[in-house]
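Engineer: If you read the sequences in order, they're chains L and F.
For the first sequence, my numbering begins at 1 and goes up steadily by one.
For the second sequence, my numbering begins at 1 and goes up steadily by one.
Keep in mind that the hints were calculated from the coordinates and are not lab data.
There's no promise every hint is true.
[As the list claims (entries may be wrong)] With a Cα cut of at most 30 Å, we get these calculated BS3-like pairs of lysine-lysine:
hint : chain 1 : residue 1 : chain 2 : residue 2
1    : L       : Lys108    : L       : Lys140
2    : L       : Lys22     : F       : Lys252
3    : L       : Lys127    : F       : Lys166
4    : L       : Lys228    : L       : Lys218
5    : F       : Lys166    : L       : Lys108
6    : L       : Lys228    : L       : Lys140
7    : L       : Lys140    : L       : Lys127
8    : L       : Lys127    : L       : Lys108
9    : F       : Lys252    : F       : Lys166
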Amino acid sequence: MTTMISISNLSKTYDSGFQALKTVNLDIRRGEIFALLGPNGAGKTTLISIVCGLVNASTGTVTVGGHDIVTDYRAARELIGLVPQELTTEAFETVFSAVSFSRGLFGKPANPAHIEKVLRSLSLWDKRNSRIMTLSGGMKRRLLIAKALSHEPGILFLDEPTAGVDVELRRDMWALVSELRRQGVTVILTTHYIEEAEEMADRIGVITRGEIILVEDKATLMHKLGRKQLTVQLQEAIGAIPETLSGYGLERTEDGHALVFTYDAERAQHGVAELLRDLATAGIAFKDVNTTQSSLEDIFVDLVKEER
Amino acid sequence: MNLHAINAIYRFEMARARRTLTQSIISPVISTSLYFVVFGAAIGSRIPHVDGVSYGSFIVPGLIMLALLTQSIANASFGIYFPRFTGTIYEVLSAPVSYLEIVIAYVGAAATKSIILGLIILATAALFVPLTIQHPLWMLMFLVLTAVTFSLLGFIIGIWADGFEKLQLVPMLIVTPLTFLGGSFYSISMLPPFWQTVTLFNPVVYLVSGFRWSFYGIADVSPALSLGMTFFFLVACIVIVGWIFRTGYRLKP
Ligand SMILES: Nc1ncnc2c1ncn2[C@@H]1O[C@H](COP(=O)(O)OP(=O)(O)O)[C@@H](O)[C@H]1O
Ligand SMILES: [Mg+2]
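Let the hints inform the model, and build the full structure from the sequences given.
Structural biologist: Given below as structure tokens:
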């Protein structure tokens with residue numbers, strides 16, 4: 001597996017004295033969908049902006065496709081398409097000319113056929129001759145994506161792509177990311193919506209207060225940190241948990257009609273079988289059991305809480 | 001060289017000028033025509049010839065310079081300030097474009113526009129007063145050098161400004177007064193000796209004088225000095241622009 005972006009010992013202190021990134025090390029693999037997950041102000045946009053050349057790093061180096069972003073910025077930037085967080089668009093230009101402009105800016109000769117393909121894939125073709133200021137917010141977001149894809153980049157950055165967009169666009173966005181993955185484009189998206197990372201990403205990096213505290217395959221992450229809960233619905237409410245069951249760390253629901261057992265599904269001896277046996281021994285009859293697995297959201301909240 | 005990028009920015013800027021034709025061409029032409037009517041025809045008829053040239057003809061080079069200076073600054077400062085203001089500058093900064101290419105494109109477009117404007121005003125002037133151009137190549141040389149130099153100055157202002165007021169500030173408080181006091185409407189020799197000396201500290205004097213020399217062969221200061229000073233301003237602006245890009249001043253946090 002080859003590395004597409006390599007970030008080493010990157011830090012950023014803004015002129016205000018605020019340190020937005022502490023030593024960040026991160027490798028992005030070619031062709032993967034990487035989600036950078038973190039709360040507002042964590043440093044996601046700062047990190048992306050440095051890679052794309054919008055912000056100067058304080059220390060550290062970044063290579064994109066093997067090219068240093070400072071000394072070999074042309075080769076590095078040609079590979080990158082950026083969809084910024086803010087809806088920053090021109091106003092008076094038409095959709096088609098704005099997207100063509102982007103392509104030229106990235107050093108590619110005009111190619112109306114490609115622009116048409118991109119605009120169609122983003123449902124913007126009908127609007128090609130409209131002035132940008134007449135577009136809705138969602139359409140402007142689509143336009144920003146079209147601009148970023150105009151020069152056929154190998155890497156696409158999506159900074160909070162679905163913040164404040166409607167359901168339809170969100171669905172289209174997910175479809176687009178799958179399509180890009182199929183084409184072999186490396187996608188890095190930032191988000192503070194867990195479900196988005198869960199839905200789209202192959203790997204997830206969690207960032208808080210300028211530090212990447214975890215990078216993991218999504219499946220591994222969910223597996224490793226995913227605790228399971230077993231809920232046992234009782235036939236009759238019980239007033240207290242019997243002494244014989246004290247070793248399981250059970251919780252009793254308020255009405256006493258259910259017991260909740262939290263266990264680590266990865267462990268060979270997680271104790272579910274023993275618990276059920278001991279329940280029977282204690283004479284507690286149950287009518288139903290069900291298990292739930294924690295979502296990324298729970299994991300994330302746990303992680304960020306631990307950090308504090 | 002990323003020629004596609006230079007081309008894209010240049011054409012983008014020229015398209016903006018076409019959209020705002022009233023603002024970029026028609027209003028400067030009208031205001032210049034008003035100068036002709038007021039200074040050339042109304043007042044000028046009572047002023048005898050200056051250095052052997054009728055007053056109406058005498059002020060033509062100065063008027064073109066006035067338009068060239070103000071429009072170069074306005075075009076270039078707005079061209080770079082506006083994307084900074086709206087945030088669309090992110091795209092240029094993240095593109096595989098060198099700073100030199102950015103300057104060539106923005107300043108080139110701004111200079112092109114003001115040169116076209118200068119030529120239109122020249123043509124307009126020809127309708128009002130008799131004109132002779134003794135040194136056409138030098139005339140074009142001064143026209144182009146001045147347009148480029150002041151477009152660079154406009155570019156610097158557009159990067160320095162952090163509000164629309166500041167964008168207007170330098171042109172209004174510095175450039176317009178210097179132009180009016182720089183011999184656009186009179187020959188410096190008409191001034192008392194003390195003010196003649198003071199005037200020599202005004203850079204615009206050299207531009208207007210050299211430009212007028214290319215028309216009528218008359219000048220307040222020697223044409224060589226004019227040319228030298230024009231180059232001096234050009235180099236000064238290039239040095240400042242170079243510094244801006246080396247440090248990322250107001251472009252990159
Ligand atoms: N230009 C700047 N000057 C000073 N501080 C900044 C600047 N840009 C961002 N910050 C600060 O850096 C932190 C990280 O910001 P950002 O990277 O935008 O976070 P995120 O994208 O994760 O929400 C925030 O606390 C923000 O206020
Ligand atoms: Mg952000």
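Engineer: Are the hints correct? Go through all of them and say.
Structural biologist: Against the structure, the hints:
With a C-alpha separation of about 23 Å, the suggested pairing of Lys108(L) with Lys140(L) holds against the 30 Å cut-off. This hinted pair checks out: Lys22(L) and Lys252(F) have alpha carbons roughly 19 Å apart, not beyond 30 Å. Under the criterion of a C-alpha separation no larger than 30 Å, the hint pairing Lys127(L) with Lys166(F) is inconsistent with the structure, at around 36 Å. With a C-alpha separation of about 17 Å, the suggested pair Lys228(L) and Lys218(L) falls inside the 30 Å cut-off, and the hint holds.
Taken as a hint, the Lys166(F) and Lys108(L) pair is broken in the structure, with Cα atoms around 36 Å apart against an allowance of 30 Å. Between Lys228(L) and Lys140(L), the direct Cα distance comes to roughly 42 Å. Violation of the 30 Å bound is thereby established for this hinted pair. Only pairs whose Cα atoms come within 30 Å are accepted, and Lys140(L) paired with Lys127(L) is accepted, the gap being roughly 11 Å. Restraint check for Lys127(L) and Lys108(L): the C-alpha separation of about 23 Å stays at or below 30 Å, so the hint holds.
A threshold of 30 Å between alpha carbons decides the hint, and for Lys252(F) with Lys166(F) the separation of about 20 Å falls inside it, so the pair holds.
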